[in-house]
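Engineer: Please model the entire structure based on the sequences and the hints provided.
Read off the chains here:
2 protein chains.
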Amino acid sequence: MVAADNLQKMPEKATFNLVAYLKERQKICEAALDKAIPIIYPEKIYESMRYSLLAGGKRVRPILCLATCEMMGGTIEMAMPTACAVEMIHTMSLIHDDLPAMDNDDYRRGKLTNHKIYGEDIAILAGDGLLAYAFEFVATQTPENVPKDRVLKVIARLGRAMGAAGLVGGQVVDLDSEGKSDISLETLTFIHNHKTAALLEACVVCGGILAGASLENVQKLSRYSQNIGLAFQIIDDILDITATQEQLGKTAGKDLVAKKVTYPSLWGIEESRSKAQQLIEAACKELEPFGELAQPLQALAHFIISRNH
Amino acid sequence: MVAADNLQKMPEKATFNLVAYLKERQKICEAALDKAIPIIYPEKIYESMRYSLLAGGKRVRPILCLATCEMMGGTIEMAMPTACAVEMIHTMSLIHDDLPAMDNDDYRRGKLTNHKIYGEDIAILAGDGLLAYAFEFVATQTPENVPKDRVLKVIARLGRAMGAAGLVGGQVVDLDSEGKSDISLETLTFIHNHKTAALLEACVVCGGILAGASLENVQKLSRYSQNIGLAFQIIDDILDITATQEQLGKTAGKDLVAKKVTYPSLWGIEESRSKAQQLIEAACKELEPFGELAQPLQALAHFIISRNH
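As they're listed, the protein sequences go chains P and X. In terms of our numbering, the first sequence has 279 at position 279, counting the first letter as 1, and numbering is strictly consecutive. In terms of our numbering, the second sequence has 147 at position 147, counting the first letter as 1, and numbering is strictly consecutive.
Check the hints yourself; a few may be wrong.
Note that identical chains are pooled: a pair holds if it fits in a single copy or bridges any two copies.
Straight-line C-alpha distance at most 30 Å; calculated BS3-like pairs for lysine-lysine [unchecked claim]: (1) Lys275 with Lys116; (2) Lys260 with Lys275; (3) Lys148 with Lys254; (4) Lys116 with Lys220; (5) Lys116 with Lys180; (6) Lys111 with Lys58; (7) Lys44 with Lys220; (8) Lys44 with Lys180; (9) Lys44 with Lys260; (10) Lys220 with Lys148; (11) Lys153 with Lys44; (12) Lys27 with Lys260; (13) Lys111 with Lys148; (14) Lys285 with Lys27; (15) Lys260 with Lys285; (16) Lys260 with Lys23; (17) Lys153 with Lys285.
These are calculated hints, taken from the structure and not from any lab test.
Structural biologist: Structure below.
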C-alpha cells in the first residue's frame, strides 16, 4: 500500500496513458463479448443479441469491472465473465429503453436501434435473452480460482442493480416524470442513482468482490462509483444540450424537447459541470489508499467528465 | 431405495392424496411468493410484478421443484427460493408473451394481462424486474446449508432455461412459425422443448441439484421432466381446441384461428392424447428407483394430462 501523499512523486502517475489503456482494454472486451455469444439456431435471436452487444460502445462498464478487480489484487481472467455480463445487462436495458412503448428511439450509438432492424418482438426477446445469459455466463464462466461465495455475491449484486431496486426502478420513475416540469431534485437523484449509478456501482463493486475485497474496501468502491455514476449522468444531461446527434450517435436535444427536468435545467450548465468535477474529485480521493494501483480507476473517473459523446 | 416391483404393495401408494398435497403446496408457495416481493417506492413496478406473480396460477413449476428436492433427500426450505424464482421466470415470460408486439393477449388466468392494466412500458419493465430478481433471490435467499456450488449450478440452469438456448429461443421459432401451415414435427418439437419443457426441466433438475443429486440421478430427472414437458404441451394444444375460454382463463381457440400447427393438428386429438399418456408413463418409470418417495412427482405427472384447464 502506498501512502496518498507519496503518490505525486511516483513517475507512473505522470506516465499513465489512459488512451492506450482504454484502447487495449476495449480490444480485449470486444474479443470476449464476441466470443461469448456464438450464432446457432435459431440464428435470428443470436444475431439480434450480437447486433446490440457488439455495436461498439465505449465499454466503460466492463473496463471499470476489470480495473477494480486488478486494483484489489485480482486478475483480468477472474473478472472477465462479470465484465461481459455487465455489458450484456447494460445492452439489454438499452434495447428495452429504445422500444416504442418506452423512449421510442430509432438510433443508438449511430446505428438503427434493435427493434428497427429485428422488429419489436425479437428486440424484447433479445433483451430477455441477454439478461438471462448474463447470469448464466457469470455462474458458468468465472474461473475456478474465484471462491463460489464471491460469485454468488456478484450475481446478487447484478440482479439488484438491474431489478426494481436498481435500473428498472429508476426507469419507472423516469417514465413517470416525463412531461412534468416540477420534478424535485430528490426525484431526479433517485432516477439517476437507480438508472445509471446502480449498474456502474455493481461493475466496480463486483470487480472488487471477485478479487476478495474487504467490506471496508467494498464501501470505498461503492462511494467511488456512486460519485462517478452521478457525474456520468450530469455530463450526459449536459451533452444532450451541447452535443450534436453525430457526436452522440443518438437523437440529441431530446430532453429539451420532452421538457425533461435535468441537472442543467435545475442548475445551469456551468454549475452542473462544476458539480460533476467535484464528484470526480471525491471519487478519486476514495481510492487514494490504493496508491498507484488506483491510477486506471482515477483516470477513468476523469475520462467520464471529459468525454464529448 | 425400494425396488420398483415392490411399489404396488405399499399402502402409501394407494393413499397418496394429490388434491390435498397440491392444495397444501400451493398455499405455501403463495405465501412464499407473496413475501418475496414487498411493495416499496416506486410502488407501481412492485404492484405490477405482484399483479402477475400472484394471479393465482396452479404453481406446477415451484411444486415440481420442491417435490424433487424432497424426493432426493433435501428439504422444502432448501428449494423454496429456487421454487419462487422459477415462478418469477415463468411469470415474466407470460407478461412479455402477452405484449401487443408478441401474442397480443388481453386475458391471462382469467384476468386482464399486465400491460392492459399497467401499460406496455411498465409491463416490459415488470418482466425485466422479475427476471433479474429471480437470480438475485436464489443467490441471496438459498439457506446456508446448501453448498454454494449447487446454488451456482442452479443459477446456470435457470439462465439457460430462460435464455436463447431455452424459452426465448423457443418463442423466436414459435413467432417465426405463425401463419405457416407447413411447420415440420421437428420444428414443433423444438418450439415446445424450448418454450415449455426447458423451464419445467430446470424446475425438476434444480430441485435435485439443491439436494445434492448425483449426475446419474440428474439425468433421470431430466428424462422425467422432458417427458412431462412435452406431454404438458400436447395437452395444452388439445385444451386450446376443446376447452372454453372460461375454463382456460385465456382466449380459447387461438391456435385454430391462427392456423397454427399443433400436435392435434398433426396427429388428431385421440392420437395426441394417447401420445401424452405414453410420455407420462415413461416419465413415471424413470422415477421407479426412488420408490414411494417418487409418489408426488408421479402423481404430478398424471395430473398434468388429466387437467382440463
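Engineer: Would you mind marking each hint as holding or not holding in the structure?
Structural biologist: Do the hints match the structure? See the list:
Taking the shortest alpha-carbon separations for lysine 275 and lysine 116, neither the intra-copy value of 37 Å nor the inter-copy value of 42 Å comes in at or below 30 Å. Taking the closest pair of Cα atoms, lysine 260 and lysine 275 come within 30 Å of each other only inside a single copy of the chain (19 Å); across copies the shortest separation is 59 Å, beyond that limit. Taking the shortest alpha-carbon separations for lysine 148 and lysine 254, neither the intra-copy value of 44 Å nor the inter-copy value of 46 Å comes in at or below 30 Å. When the C-alpha separation of lysine 116 and lysine 220 is checked against a cutoff of 30 Å, the pair qualifies neither within a copy, at 41 Å, nor between copies, at 44 Å.
For the identical chains of this complex, lysine 116 and lysine 180 are neighbours both inside a copy (28 Å) and across copies (24 Å), given an alpha-carbon limit of 30 Å. Taking identical chains as interchangeable, the C-alpha atoms of lysine 111 and lysine 58 lie at most 30 Å apart only when both belong to the same chain, with a minimum of 14 Å there against 44 Å between chains. With identical chains, the CA atoms of lysine 44 and lysine 220 are never at most 30 Å apart, being 43 Å at best within one copy and 33 Å at best between copies. When the C-alpha separation of lysine 44 and lysine 180 is checked against a cutoff of 30 Å, the pair qualifies only between copies, where the shortest distance is 18 Å, while the shortest distance within a copy is 39 Å.
Taking CA atoms no more than 30 Å apart as the test, lysine 44 paired with lysine 260 passes between copies only; the shortest distance there is 21 Å, against 36 Å inside one copy. Taking identical chains as interchangeable, the C-alpha atoms of lysine 220 and lysine 148 lie at most 30 Å apart whether they share a chain (23 Å) or sit on different chains (27 Å). Taking the shortest Cα distances, lysine 153 and lysine 44 sit within 30 Å of each other only across copies (28 Å), while inside one copy they are farther apart (33 Å). Taking the shortest alpha-carbon separations for lysine 27 and lysine 260, neither the intra-copy value of 36 Å nor the inter-copy value of 46 Å comes in at or below 30 Å.
Taking the closest pair of Cα atoms, lysine 111 and lysine 148 never come within 30 Å of each other, the shortest separation being 39 Å inside a single copy and 42 Å across copies. For the homomeric pair lysine 285 and lysine 27, the shortest alpha-carbon distance inside one copy (29 Å) is at most 30 Å, but the shortest distance between copies (53 Å) is not. When the C-alpha separation of lysine 260 and lysine 285 is checked against a cutoff of 30 Å, the pair qualifies neither within a copy, at 32 Å, nor between copies, at 62 Å. Taking the shortest Cα distances, lysine 260 and lysine 23 never come within 30 Å of each other, neither inside one copy (34 Å) nor across copies (50 Å).
Taking the closest pair of Cα atoms, lysine 153 and lysine 285 come within 30 Å of each other only inside a single copy of the chain (26 Å); across copies the shortest separation is 39 Å, beyond that limit.
Taken one by one, the earlier hints fail for this structure at numbers 1, 3, 4, 7, 12, 13, 15, 16, listed in ascending order.
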